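Number of protein chains: 4
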Amino acid sequence: MMIVMKETASDQEIEAVISKIERAGARAHSSRGERVTVIGAIGDVEQDENVATLGLEGQPGVDRVVPILKPYKLASSQFRHGEPTVLEIGGRKVGGEHFALIAGPCTVESREQVLASADVVKAAGAAMLRGGAYKPRTSPYSFQGLGEEGLKLLAEAKAQTGLPVVTELMDARDLPAVLEVADVIQLGARNMQNFPLLAEVGRAGRPVLLKRGLAATLEELLMAAEYILKEGNPNVMLCERGIRTFENAYRSTLDLQAVPVLKELSHLPVIVDPSHAAGRRTLVRAMSLAAAAAGADGIIVEVHPNPDEAICDGPQALPTDTFAEYVDVVHQAAALAGKNIAPTRIGAPLAGAA
Amino acid sequence: MMIVMKETASDQEIEAVISKIERAGARAHSSRGERVTVIGAIGDVEQDENVATLGLEGQPGVDRVVPILKPYKLASSQFRHGEPTVLEIGGRKVGGEHFALIAGPCTVESREQVLASADVVKAAGAAMLRGGAYKPRTSPYSFQGLGEEGLKLLAEAKAQTGLPVVTELMDARDLPAVLEVADVIQLGARNMQNFPLLAEVGRAGRPVLLKRGLAATLEELLMAAEYILKEGNPNVMLCERGIRTFENAYRSTLDLQAVPVLKELSHLPVIVDPSHAAGRRTLVRAMSLAAAAAGADGIIVEVHPNPDEAICDGPQALPTDTFAEYVDVVHQAAALAGKNIAPTRIGAPLAGAA
Amino acid sequence: MMIVMKETASDQEIEAVISKIERAGARAHSSRGERVTVIGAIGDVEQDENVATLGLEGQPGVDRVVPILKPYKLASSQFRHGEPTVLEIGGRKVGGEHFALIAGPCTVESREQVLASADVVKAAGAAMLRGGAYKPRTSPYSFQGLGEEGLKLLAEAKAQTGLPVVTELMDARDLPAVLEVADVIQLGARNMQNFPLLAEVGRAGRPVLLKRGLAATLEELLMAAEYILKEGNPNVMLCERGIRTFENAYRSTLDLQAVPVLKELSHLPVIVDPSHAAGRRTLVRAMSLAAAAAGADGIIVEVHPNPDEAICDGPQALPTDTFAEYVDVVHQAAALAGKNIAPTRIGAPLAGAA
Amino acid sequence: MMIVMKETASDQEIEAVISKIERAGARAHSSRGERVTVIGAIGDVEQDENVATLGLEGQPGVDRVVPILKPYKLASSQFRHGEPTVLEIGGRKVGGEHFALIAGPCTVESREQVLASADVVKAAGAAMLRGGAYKPRTSPYSFQGLGEEGLKLLAEAKAQTGLPVVTELMDARDLPAVLEVADVIQLGARNMQNFPLLAEVGRAGRPVLLKRGLAATLEELLMAAEYILKEGNPNVMLCERGIRTFENAYRSTLDLQAVPVLKELSHLPVIVDPSHAAGRRTLVRAMSLAAAAAGADGIIVEVHPNPDEAICDGPQALPTDTFAEYVDVVHQAAALAGKNIAPTRIGAPLAGAA
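Line by line, the protein sequences are chains A, B, C and D.
Number 104 in the numbering used here belongs to position 104 of the first sequence; there are no gaps in the numbering.
Number 261 in the numbering used here belongs to position 261 of the second sequence; there are no gaps in the numbering.
Number 88 in the numbering used here belongs to position 88 of the third sequence; there are no gaps in the numbering.
Number 201 in the numbering used here belongs to position 201 of the fourth sequence; there are no gaps in the numbering.
The shape of chain A in the complex, shown without the other chains:
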């Protein structure tokens, strides 16, 4: 912490701040400039928490309190000395030089739909299957997902294709059922700061795909990851899925700068979800290429055998018949960003890919 005093702060006010810091167990160190005095309160993350708790922002003579240390520890790059985390999920690697494409329908609707999608996803060379059995919906009148029946259909798709399954958990009370089938537990944007749920999946130990909240800073996303890591679960993937801004030409604003910045700040893999940000198919391809070229460790994308009849978010699903070509060109973009893509995956010539 760095406490910047007001220009008008008196010596007494400066002393009062210093003595509060020292009573909290941290060392205080003051620098008097020509116009203002700055007091450093130096300690570890936990001591920083103690100092933060002092509420020095409200103390007479204080202008601002500026945090110096990052408030997360386990999620930081330093924690692994700059080495990226590589997750291994059902034999597929994500992170470091490994790129993973996760695909499938938004919502599990029927046996036919899930199995057909899973076959296409598998054939195109994607790494995992996604599909929602529990769906967070803005309206209580919208379809809320098939629930446990949906989980069973995902289990069947997994058995048929061997693909690891990514599916969302919304309520801690559904965790046992979800653990039956999920290789990766997805936590949605609206639950990014559902702290009891974060702690539960932390204790469960299963890999987690943690989506950034619509108005969450990268620091808050990393703090949410820290809740999971702190319970002893190191298997967290961060997911950029668009943030809320003033622009309403699309559903949300995909923030691709988050990709290189999260990778600077943290050792955790970074996945991008272009489908939900865009809200419509015509943008998904362009933004998938952009995400891969920006250095993402993976992409999670919606495909549907018949998007026009999808129950949920059909307009943003890619049709299955063009999916293989899509996977191919996305892999080429990932290769440009330095990912190690198996040669068989880069089949089409550049001209054909365009």
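Think of the hints as simulated: they come from the structure by calculation, not from any bench.
Don't take every hint at face value.
What the hints assert, rightly or not - Pairs of lysine-lysine, DSSO-like flavour, derived with a Cα cap of 27 Å:
1. Lys73/A with Lys6/C
2. Lys122/B with Lys339/B
3. Lys6/B with Lys73/D
4. Lys230/C with Lys6/A
5. Lys339/A with Lys339/D
6. Lys230/D with Lys6/B
7. Lys73/C with Lys6/A
8. Lys230/B with Lys6/D
9. Lys339/C with Lys339/B
10. Lys122/C with Lys152/C
11. Lys230/A with Lys6/C
12. Lys73/B with Lys6/D
Just so we're clear, the structure is a prediction, and the values are computed from it rather than from any experiment.
Go by the hints and put chains B, C and D onto chain A.
For chains B, C and D alone, kept in the frame of chain A given last:
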């Protein structure tokens, strides 16, 4: 729904949209302008949901889908034919011409602190006591609240003062314990779209103070209220507590236009929380006056007998020694906005209030 | 400036930063914590500018550069030792304990409209007349104002009523014509960072009403004021008129916290424009009361003798027939916030005002 | 325009709206649904303007006014029947299948700096040279550019390398001097809605690079372009350079979805400026690849022979010694998005590029 076709849409594309709408059970009605065709899909909220599900945004030839009906029903002004809802909580009324000041510490810290605060809150003429036993914290290293012990201290304060108690619920599994003491269940900004939790408090029937999410539109806030109302609980208060914007001179941007607009759109009472938006005491008084003058049905504010030693959010708590004068001037501002304030409450002359 | 080094920064990297700062003429002062080193670069605003110019953010080993001093000097509270600036414009005072209501039509449309509005504004006890002759319009197909003819009509209204005139300048080449009639030159939100224009009105010396840009921070607003002050013109009023956020239930989000915060940071008067933020009449009254209760030094509001036939922004204009009652209740709210309102202005009883 | 009436609107209120529309010269067409009535006001852009002017939002019984037609005409895709505009500037093409890299220093500082940068830009195969002689600076104490002397240095660099020059205009009074050297006039983000300046460069006829304002919607960007096009200048390039959001981990949020969406809505070329959005070098490469892969028609990027000694924005400038490799890999990403890149430009193998 109103479907705006592209200028380049063909007759076939227009026909395809019309026939999809009709297959979903709604009536389609098309208007051809000189340049574009607009198709109305007219029905009730539920039929609108069916049409929304069609994903017409992704259909060839479609430019945009514009919702016409509001997506909430039970929360809308029309549902009560323009009559405001007046809640009665432990003998205190909120809504319509009734203004309620809710005050207390951010977090329950100790017996002394809660009881001392409760006495001051009572003496100053505030309507209810607030205090958190379960605290949502951005950092897993921060104090997370006293939990059930905190609830017991709130029960003691309630017994001592007769004030109804407002306290936060974060996890559906804590609901039975919270129901033991809470007259009003607070749902925090981060849980505004925790849909399973909304449904639980809807089934519990107890009055709810529902805080607007940091990036939630007013429509989304009303949809969240609709989740509670739909389960049969009509006792919902909406709470504006600041939204997230680019400005970082304060913690969040208090959106006071939400007050008159929510009251146009809905019959539910609207409460303002100036403490969390401001993050510091010097702004709380000015924004409380502004909120009351804007027509809020109540204010929820933090007071602490010794803010400098508060565990959480001390810098934004009002000190108890000036609280009575604060209550008085806020009541005068509410009276300016048309609230019926008991004459004894408007004691101080204008000069003294300033 | 405070330069926070990365945890991994080497001694050499730290030394390199220190020597750069010293070569720029400032003193460097480093504090080594357990985990990170922080280097203070201490000097005056101009030296700060020199250090800022060094681009230390890009230097190896640097994590962040945190400004310590405010980047404005003439606009700061300290510059006048905490004394507020009180402007005197055509005999009307603004700032300190003086509250000024500025009213009139959005756009000057015709002789009848301006003269009728001016009479109502005068009779209701408002302090100044507003009206636009040059109009910034998003569309090139919209009415762009009457230009010089509009200025002549404003001059006539001024001669008739004795009210000082506030009118907008968009192009430095129109300055001589505007100076003929304007007592206050308004700079619109879209021109807040039109730096050559700021410097021109700085040199002109005439009082300026400077509107905050739609995405401008308070610091940027104060820096824009600094451009004017630096040219020797101390007569600047700051104007909050709504910022752009994700919420689209209203045209922009009126940020009333800006009022107390700007008054903490600066000695300049703060005016609020509720008409443009709201975009519709039904919100203007509530937000005017809120602005006055929040401590604004004035309000600039649109009135029109026949809003339904206004060329521009009719839906947000108050009708003239209820204007006197509006002025009265706004003055009562300003009195609550400590403004010295002449007793004749607080005529109506509270019940009538509500 | 589509006017959505309130559920409570009376027949008289509906009639009043219809008759207002018809008096404005447009045809009104009403659809009565079960709950609400919607009135279409059908006409051309100019008639739409007339109807917009009516201020129907404020009319009794009106819930909302929804624009149907896009408010721009000359900038729309339809205006060129879906054909993209290809600009030819000093022999370089931009738009359609043509990709153009524009590079150079942020600010013209000295003869050596500009000439050295220009040589590197030319050698690496970039298409144009950028450099600022007039600089918009937030602080009046910052370096404001070399002005006319800077323009002369740019002319010398152009003579030496044959590269077309892109440079910024801030003040209409500097237009003659800028026209002496600029092949492309850049209008900065803060001037996107400086309407007199837009009209001036429209009349000048020279190609324009129009940067999106920090809080401008895509529709507003296209309306700003329309101001230029309307004066008879068809040579406009749109530039995405980052928008302002709540995230402060970077200077602004680069909105790459703007690329495919602007290309859907308009025939004008779309350029991306990754340097200003990022504010630091380490992000510029990743975001350049992403922009090219998203389908941008060009990139404008800062290079500096010695970024550590740059007067302005050094931390975001790429060093000249790695620039050729950067150009190469960006061209590969553009090829992935379908751009026709000359074979000699795609020299390095994928491995080397990564």
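ask   = Holds or violated: Lys122/B with Lys339/B, Cα cutoff 27 Å?
value = Between Lys122/B and Lys339/B the Cα gap is close to 20 Å, so the pair holds against 27 Å.
query = Are Lys6/B and Lys73/D close enough, with their CA atoms no more than 27 Å apart?
reply = holds (14 Å)
ask   = Given the hint that Lys339/C pairs with Lys339/B, does the C-alpha gap stay at or below 27 Å?
value = Given pair Lys339/C, Lys339/B holds - Cα atoms ~22 Å apart, limit 27 Å.
inquiry  = Run the distance test for Lys73/A versus Lys6/C: straight-line Cα separation, threshold 27 Å.
reply    = holds (14 Å)
inquiry  = Hint check: Lys230/B vs Lys6/D, CA-CA at most 27 Å. Holds or violated?
reply    = holds (23 Å)
query = Straight-line Cα separation of Lys230/A and Lys6/C no greater than 27 Å?
reply = holds (23 Å)
task = For the pair supplied as a hint, Lys230/D and Lys6/B, confirm whether the alpha-carbon distance does not exceed 27 Å.
result = holds (23 Å)
message = Against the 27 Å threshold, does the CA-CA distance of Lys73/B and Lys6/D hold or violate the hint?
response = holds (14 Å)
Restraint status (C-alpha distance of Lys122/C to Lys152/C at most 27 Å) = holds (19 Å)
message = So if I understand the rule, the pair passes when the alpha-carbon distance is 27 Å or less; does Lys339/A with Lys339/D pass?
response = holds (22 Å)
message = Holds or violated: Lys230/C and Lys6/A, Cα atoms, limit 27 Å.
response = holds (23 Å)
request  = For the pair we were handed, Lys73/C and Lys6/A, check the Cα-Cα distance against 27 Å.
outcome  = The given pair, whose Cα atoms are some 14 Å apart, holds under the 27 Å limit.
Checked against the numbered hints listed earlier, the structure breaks none of them; every hint is satisfied.
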